[in-house]
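Participant: Below, each chain spelled out in residue letters.
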Amino acid sequence: MRLSFGPEVEAFRDELGTFLDEHAPAEALAGYDFADSGAETRVDLIPQWARDWQATLFDHGWMIPGYPRELGGRDATPVQTLVYLEEMARRRIPRSLHFPGYAIVAPSLLEFGDDAQQALVAPAIRGDTVWCIGMSEPNAGSDLAGLQTRAELDGDRFVVNGQKVWTSYAMVAEKCFVYVRTNPNVPKHRGISLLIVDMDTPGIDVRPLRHISGAANFAEVFFTDVEVPAANVVGEVNDGWRITQGSLAHERAGLWVEGVCRLESTVQSLVDVAHRQGMDHDSGVRRQLAAFYEQAASLRALGYKGFASFAQGSSAPEHSYLKMATSELGKAAYELGMQLQGPYAPARDSERGEENGRWANMFFMSFANTIAGGSSEIQRNIIAQRVLGLPRA
Amino acid sequence: MDFTLTDEQQMLRDTARTLLAKECPTALVRAHIEDPSVADALWLRLADFAPLAAGPLSDLCLFVEETGYVAAPGPFFATTALFASVLAAAGDDRAQAAQAGEITGTVALAGVDGVWRPNDDPVKCFVPEADRVDWVAVVEPGPTVRVVPPAVLSTRLLNTVDWSRRLFEVEVADVDEASTPIDGAALERAVRCAIVALAAEQVGTARRLFDMALEYAKQRVQFDHPIGSFQAIQHRLADLSLAVERADAAAQYAAMTVDADHDDARRAAHVAKAAAGTAATRAAKDSIQVHGGIGYTWEHDLHLFIRRAYGAEAWLGTTGWHHDQLAALLFDA
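Residue numbers (my numbering), protein chains in the order written: chain B, 40 to 432; chain A, 607 to 939.
If you are wondering where the hints come from, they were derived from the structure by calculation, not from laboratory data. In this text the structure is predicted, and so the values were computed from the model without any measurement. Treat the hints with caution; some may be incorrect.
Lysine to aspartate or glutamate pairs mimicking DMTMM-like chemistry, simulated, CA-CA at most 25 Å apart [as the list claims (entries may be wrong)]:
no., chain 1, residue 1, chain 2, residue 2
1, B, K370, B, D388
2, A, K628, A, D654
3, A, K891, A, D870
4, A, K891, B, E303
5, B, K370, B, D278
6, A, K628, A, D845
7, B, K370, B, D264
8, A, K891, A, D817
9, A, K628, A, E614
10, A, K891, A, D938
11, B, K227, B, E367
12, A, K891, B, E416
13, B, K370, A, E905
14, B, K370, A, D930
15, A, K824, B, E416
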């Protein structure tokens with residue numbers, strides 16, 4: 040056990056720091072706040088600076104450091120990758136404003152795609168192609184395997200009918216990973232396939248869905264007799280469930296560092312709010328904030344501990360722990376940020392309350408974090424059954 | 607941060623587990639309730655590991671965690687995590703003898719408020735094993751330390767729910783022994799080591815309580831199914847395991863910061879004790895709830911660990927006290 044990973048790794052951190060100092064645009068440096076509270080007023084879901092920044096990261100081998108050069112990386116080791124995520128989160132610099140392509144599509148195609156599909160990987164990571172992921176449906180949320188969108192093989196093409204929902208970036212995406220039912224006559228996990236669908240194919244109707252804060256960055260997507268070449272199936276027909284498991288894991292893998300850093304900076308902001316609101320001598324508030332600090336600090340330690348076993352080849356259940364804990368704690372912290380403002384807790388007013396209603400807005404948006412990407416309840420099921428080995432009901 | 611255990615650390619943990627499972631069964635913890643001298647034989651075995659007190663705190667914590675897993679009674683913690691480090695800070699030769707496992711000792715420092723800082727109180731409180739150790743190091747304002755045999759002190763056992771750790775009130779009257787000065791910062795650091803070690807011990811106790819609940823949930827059948835297949839039980843245990851895992855990580859991190867004399871050591875120690883105390887007391891409540899009625903009986907071993915959890919929570923600063931210290935660092939720094 041040691042506090043730092045050693046001089047070679049710190050040299051890697053310095054190299055990244057030099058690159059960021061030179062290249063990161065001002066908008067990226069303000070990126071976290073932009074992504075958080077600016078979303079509802081943002082007209083362009085993926086502004087030009089974000090596209091340019093993602094391409095710059097790719098071209099310099101800093102988009103996904105663990106990948107080879109041609110995929111926007113530099114063959115970094117797992118420890119170096121961790122340091123990369125840590126440093127990006129600490130500086131609050133986003134890599135990209137659209138995660139599906141680089142975080143889910145790319146690793147899934149690398150593992151399961153044929154030669155033609157492999158060619159889609161680099162543009163997905165560079166952000167040249169914007170992707171969306173058609174997973175959830177109105178009747179398939181936590182029970183994803185219950186999805187009902189049908190794809191019937193007709194000669195050399197599939198005909199797709201059905202509906203997806205909560206599809207992030209569907210209104211700006213060029214391509215979609217669509218999970219479809221190709222065999223309704225077998226147990227539900229065994230009849231699912233993954234198709235690559237061009238979003239400009241006739242029969243696709245995208246309807247932006249405003250979320251609770253008023254913004255729309257996801258959509259409902261309707262498929263009516265959409266024809267998709269049979270060659271666009273990823274992996275084997277009816278073997279798509281295996282890929283969903285992989286892609287959800289990819290989605291979770293790097294998130295903990297960011298989640299913990301965000302939580303830590305939220306706690307620091309809460310201390311500032313308490314000072315401004317004259318609550319800094321309230322013993323209840325002080326203990327509440329100390330408890331948040333304790334949890335954030337211990338979750339950071341847990342993340343690194345999980346990483347140590349991951350780096351040694353063991354599975355790392357810490358991802359489920361950290362996903363659940365950071366999302367739940369974040370929600371509670373934002374709520375406390377409101378409460379510290381007393382009667383102005385719900386204010387979204389430039390004259391009264393803190394920062395134009397930032398805390399109320401963050402609180403509302405944080406509802407998504409304990410639902411999306413596997414709800415807290417699903418995480419508890421995963422921990423109980425896969426980590427603790429408790430029997431399924 | 608790299609949490610990877612070295613091969614030597616892994617071996618130390620394995621050895622400790624095997625040794626303590628054999629030498630400290632619950633029968634011994636029970637016998638100790640009536641007769642504290644049954645811990646003497648255990649000490650003779652554990653004394654071989656007293657040299658850990660001279661090495662990195664991380665290693666001592668690995669061992670101490672396992673003593674928490676079995677609710678080990680006796681002078682090991684007081685000697686290695688308190689007495690040896692306070693005497694080392696005072697430059698007293700008996701530190702080496704304690705680190706060699708040749709003598710046992712304890713520290714009298716906290717006053718009636720239970721805060722482990724030098725104070726004027728004539729009675730020192732929460733002194734572990736004060737009647738059965740070879741030496742008691744009494745810390746007085748200055749700070750200074752006087753090392754005396756228990757025979758010259760008047761000691762009173764504080765009756766608590768936790769019989770596995772015997773705490774005393776100690777009165778130092780008419781003692782001739784000269785006092786030697788001790789550096790305030792070094793004393794504070796020694797107390798910090800003890801706090802982190804206790805956090806590690808609590809993690810061990812929390813893990814024991816958790817393991818017992820998990821095992822029981824897998825084998826107890828109701829409504830024709832193991833109760834561990836029910837979501838109400840699964841989610842309770844999932845949440846509890848998170849509390850235990852993060853306390854474990856926090857305690858290990860705190861030990862690393864102390865070993866490195868890192869700036870974050872003060873905060874990390876408060877975080878560790880608070881996280882471990884929260885995890886252990888939660889494990890106590892959740893574990894008995896999962897066990898149901900059988901856990902409420904005297905015959906079942908569960909209460910031995912519930913007792914240990916609540917004794918440790920209150921000692922060397924409650925969770926609330928450590929939160930207050932953290933808050934001071936967050937708000938007033």
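Participant: All the hints need checking, so say for each whether the structure fits it.
Facilitator: Here is how each hint holds up against the structure:
no. : hint              : in the structure
1   : B:K370 <-> B:D388 : holds, 21 Å
2   : A:K628 <-> A:D654 : holds, 15 Å
3   : A:K891 <-> A:D870 : violated, 31 Å
4   : A:K891 <-> B:E303 : violated, 29 Å
5   : B:K370 <-> B:D278 : violated, 36 Å
6   : A:K628 <-> A:D845 : violated, 31 Å
7   : B:K370 <-> B:D264 : violated, 41 Å
8   : A:K891 <-> A:D817 : holds, 13 Å
9   : A:K628 <-> A:E614 : holds, 21 Å
10  : A:K891 <-> A:D938 : violated, 35 Å
11  : B:K227 <-> B:E367 : violated, 31 Å
12  : A:K891 <-> B:E416 : holds, 21 Å
13  : B:K370 <-> A:E905 : violated, 43 Å
14  : B:K370 <-> A:D930 : holds, 23 Å
15  : A:K824 <-> B:E416 : holds, 20 Å
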